[in-house]
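Enquirer: Letter by letter, the chains look like this.
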Amino acid sequence: VATAEADFGAEPSEELAVQRRAHYLAQVRAQGEHLRTGAEILASPRDSADPPSDEELLAFLDVIYDARRVDA
Amino acid sequence: VSTPDPALLDTDVASVLYRARLFQRMAPARLVGVVADRPLAISVITLGEASYGALSRKWSVRRTAEMLAFYTDTYLARSAAVVTAVDSAGHRGFHDGDGQRFRWPSVCGGGETRTLARLLKGCLVAATLAA
Numbered sequence: 075v076a077t078a079e080a081d082f083g084a085e086p087s088e089e090l091a092v093q094r095r096a097h098y099l100a101q102v103r104a105q106g107e108h109l110r111t112g113a114e115i116l117a118s119p120r121d122s123a124d125p126p127s128d129e130e131l132l133a134f135l136d137v138i139y140d141a142r143r144v145d146a
Numbered sequence: 272v273s274t275p276d277p278a279l280l281d282t283d284v285a286s287v288l289y290r291a292r293l294f295q296r297m298a299p300a301r302l303v304g305v306v307a308d309r310p311l312a313i314s315v316i317t318l319g320e321a322s323y324g325a326l327s328r329k330w331s332v333r334r335t336a337e338m339l340a341f342y343t344d345t346y347l348a349r350s351a352a353v354v355t356a357v358d359s360a361g362h363r364g365f366h367d368g369d370g371q372r373f374r375w376p377s378v379c380g381g382g383e384t385r386t387l388a389r390l391l392k393g394c395l396v397a398a399t400l401a402a
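Here the protein sequences come in this chain order: H and P. Just so we're aligned, residue 75 is where the first sequence starts under this note's numbering, counting upward by one. Just so we're aligned, residue 272 is where the second sequence starts under this note's numbering, counting upward by one.
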């Protein structure tokens with residue numbers, strides 16, 4: 075924890091954050107990749123051959139939430 | 272027209288989008304307002320949680336692979352991060368690319384994405400259900 079605080083504790087300035095976001099997007103573009111937007115994701119077709127049911131997906135999320143509570 | 276700032280999704284938001292797409296349902300309007308035009312990304316933490324959830328629920332290999340493929344392809348998570356997340360899902364802890372070890376509940380609990388956004392030094396904007 076001490077190491078993380080020492081390495082990452084300082085909040086960046088907004089100017090620096092803007093530069094880093096621009097750099098990140100430039101890196102993605104340079105790799106020929108495209109970060110999808112929420113609208114693109116929601117509009118993409120369902121393509122699963124073995125989708126969970128809605129109930130199973132909720133159970134899947136419950137497992138994650140339970141683990142967080144146990145370890146909190 | 273400038274591109275909106277990219278957003279780092281937490282596990283809850285990524286799951287909402289996964290579920291909405293899977294069942295062709297409307298996502299909450301307030302959330303859509305935040306993420307619709309933003310390029311989106313997820314962290315290795317979310318991949319770890321999703322992997323853990325699938326393993327715990329004993330999902331089939333196909334179902335697990337499809338879910339992880341959606342996450343990695345959609346959000347451009349790097350393959351190395353995926354391997355790390357899947358390998359570590361069983362004991363719920365993993366290392367980032369620099370060898371820094373995270374025990375994910377301590378990171379996820381109460382503000383995972385904000386914490387990660389800070390760790391990334393402002394690289395991404397945090398988007399959470401509370402946003």
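A couple of the hints might just be wrong.
Said to hold, decoys possible - The list that follows gives simulated cross-link-like pairs (lysine to aspartate or glutamate, EDC-like), each with its CA atoms no further than 20 Å apart:
#1 LYS329/P with GLU107/H
#2 LYS329/P with GLU129/H
#3 LYS329/P with ASP128/H
#4 LYS329/P with ASP140/H
Hints listed in this document are in silico derivations from the structure and should not be mistaken for laboratory results. None of the values given here were measured: they were computed from a predicted structure.
Enquirer: Are any of the numbered hints broken by this structure? If so, which, sorted upward?
Expert: The structure breaks only hint 1.
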